[in-house]
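Chains as they are written, first to last, in numbering that gives the first Met the number 0: chain A, 0 to 379; chain B, 0 to 379.
Simulated from the structure, these hints should not be mistaken for lab results.
There's no promise every hint is true.
Among the chain A residues that face chain B by a calculated CB cut under 8 Å, a handful are [to be verified]: (1) R39; (2) R64; (3) P65; (4) Q72; (5) T315; (6) Y316; (7) S317; (8) G319; (9) Y320; (10) H323.
No experiment lies behind these values; they were computed from the predicted model shown.
Ideal Cβ placement from N, Cα and C applies to all residues, glycine included.
There are 2 protein chains.
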Amino acid sequence: MFDFWIDGQSGAARSGSLTLPHGTVETPVFMPVGTQATVRTLSPADLKAVGAQIVLANTYHLHVRPGEDVIAQLGGLHKFMAWERPLLTDSGGFQVFSLEGFRKVDEDGVEFQSHVDGGRRKLTPERAIEIQATFGADIAMAFDHVIPGGADEATARDALERTLRWLERCKKKHSELIDGIHDGSQTLWPILQGGTLPALRTESLDRVMELGPWTGIAIGGLSVGEPKDKMYETIDVLEARLPATLPRYLMGVGFPADLVAAVERGVDLFDCVAPTRGGRNGSAFTPEGTLNIRNAAYRTDDGPLDPSCDCETCTTYSRGYLRHLFVAGELLGLRLLSLHNVRYLIRLAAEMRAAIQRGGDAFATWADDWRRRYQHTGVA
Amino acid sequence: MFDFWIDGQSGAARSGSLTLPHGTVETPVFMPVGTQATVRTLSPADLKAVGAQIVLANTYHLHVRPGEDVIAQLGGLHKFMAWERPLLTDSGGFQVFSLEGFRKVDEDGVEFQSHVDGGRRKLTPERAIEIQATFGADIAMAFDHVIPGGADEATARDALERTLRWLERCKKKHSELIDGIHDGSQTLWPILQGGTLPALRTESLDRVMELGPWTGIAIGGLSVGEPKDKMYETIDVLEARLPATLPRYLMGVGFPADLVAAVERGVDLFDCVAPTRGGRNGSAFTPEGTLNIRNAAYRTDDGPLDPSCDCETCTTYSRGYLRHLFVAGELLGLRLLSLHNVRYLIRLAAEMRAAIQRGGDAFATWADDWRRRYQHTGVA
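Kindly produce the complete structure, drawing on both the sequences and the hints.
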């Protein structure tokens, strides 16, 4: 259980196979985000139809509503949301540090205000792990201290030290609750912090590894507003030091060009709300870039949203009809574009996997071709 | 084409088979309403999965947005909305008489204000028929003068006379546009008016029949706020006089008990937004009555929405999860309850068909049993 096999390499890019209690995930992989135990507008059957292998759900949101007690009584998170394939739960760290409202951080944990009822609540490393154990996802995430994108070194250092102390507490609690991370039904992954400061990032990695062994590792604190080149540099710094045998999860990253750049730098797993949020706004990924279906140019366009796509949206409807759904405020439109965007990222990851498995510089060539096409005519 | 065969009878109730250009419809049948060329929240694949045989779309709404020119350029209504089974279009009469805002009726037609851009537009019998011919639904409806539920006799008489004059104009235009109603690709059905005044209703029927032949006939102006017993009485009056060989479409009726009562009185086709509108409000049809899934009682209920139902919603999710979706404002909830409610009415019609085909008083017995169960424990 929780084995990761690398089955292809092309430069720093790798393809692999991650065994989890609820199934095997082939990497690189994009994980659709089901914040509130549903990938917005999509059903589990839709997710299977677009080839989703693993879905992410959110501990903060599900703790606040409906609460882990309700999910436990309804058979755990897999059964609750009718998703029998692998699940990963985020720890809630990112949310309690990024949502608006009252927040108080001390060594014990974070006191915050529920965005639902305004009530005071507290998450600690132990509580975050307990809640995730109750949910029963295949992969639980450590509870970390997240800092804003442009934080100074002292703030970043302080958060890093706290994240490491919290990681020890998370690991201890997880070991108590789950019968050994390699034999139990859930594994725990740590989250690397350190902003875009290379020295802090490498220190974070080294000290996290000392607390192992781990079955996977996440890169947090990126894609939070920093310049793209800083994000890529940071991944490069980590890539040179990350143990090859661990799957690497880049948190919150999900725009097509970022996926390609990160896979080039050895990343294996991704998640992002971009495909569903964008889909609800009428924005669709295509191989030539993003288009907005509300554009008047599509009024009588009888072609598919993305002619290269095999999803239900692209094989069933015209751009003209999809535009009508958006202009008329019809909910089906939100769903059809979300479906396409999720399928787009899943296919993108699968294409990268295939290119990597061709070996040599096949992936680099593929990535150059992909970028030329994507950036040449991209229109927002 | 447009043949109707009665293949079962039980009292006044009948089952039949209606041949249309895009397929055969088995009656009694419930038609889901796709006002803006989409049954709200549901895809054509969903509609097929729940057994929808025919869908209704709305001429007023589609004329205003996206416009019949767009639909024509995108291949007609079937292709536009990716629904290859039979379609019926309402004429727009009901909408221009019931929507808010400016309205001016004269002998020529109705001038009204678009609810989308506030612009002045005009529908006449000829325009309503032209637009519907452009859409290309299997069944087009005549453009009628609709009056409020409690209108006096003079108003009802005036509207009836105008509706009859307009029907002649509709028929003439339809004959010009469609190559003979029995051989062409679209048929035109008249709409009976006359409020709840028996004398006007029978006169309306007799004079409409004189303008025939027709391939079907609709009963309009009911379920618009009049007492239920008045509605049932009116159908009784008509039933005694309606030619047995014509399919009878009761417009805008779609609550379960009304469907049963109307089938008992010889009605064959129904449409209503109730299942989708109710579904979006969290209201679900069950054999025991309507329930609202937001009810706190369902918080940890691990049973299906309706244990007797075979739809995706009822076979996949718990009431507790569905409640969570509604409480958390997740769009998937709206879709899952809409799906169930449409399936419920389609199954209800299919059950009635089966009972009718058993002959004798089988349907009456079935209806008594159904009512006992539905009314005994019904909770809103």
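Taking the hints in turn, this is what the structure says about them:
Because the beta carbon of R39/A sits about 6 Å from the nearest beta carbon in chain B, less than 8 Å, this interface hint is met. Look at R64/A: its Cβ gets to within about 6 Å of chain B, closer than 8 Å, so that hint holds up. The beta carbon of P65/A is positioned within 8 Å of a beta carbon in chain B (closest approach about 5 Å), and the interface hint is therefore held. Given the 8 Å rule on beta carbons, the hint for Q72/A holds: about 4 Å separates it from the nearest Cβ of chain B.
The beta carbon of T315/A is positioned within 8 Å of a beta carbon in chain B (closest approach about 5 Å), and the interface hint is therefore held. Restraint check, Y316/A versus chain B: the minimum CB separation of about 6 Å is within 8 Å; hint holds. At its closest, the beta carbon of S317/A sits 6 Å from a beta carbon of chain B; the interface hint therefore holds under the 8 Å criterion. Interface hint at G319/A: satisfied, since its Cβ lies 5 Å from the closest Cβ of chain B, which is below the 8 Å cut-off.
A distance limit of 8 Å between C-beta atoms decides the matter here; for Y320/A the minimum to chain B is near 6 Å, and the interface restraint holds. A least Cβ separation of about 5 Å between H323/A and chain B falls short of the 8 Å threshold, and the interface hint therefore holds.
Of the numbered hints given earlier, the model fails none.
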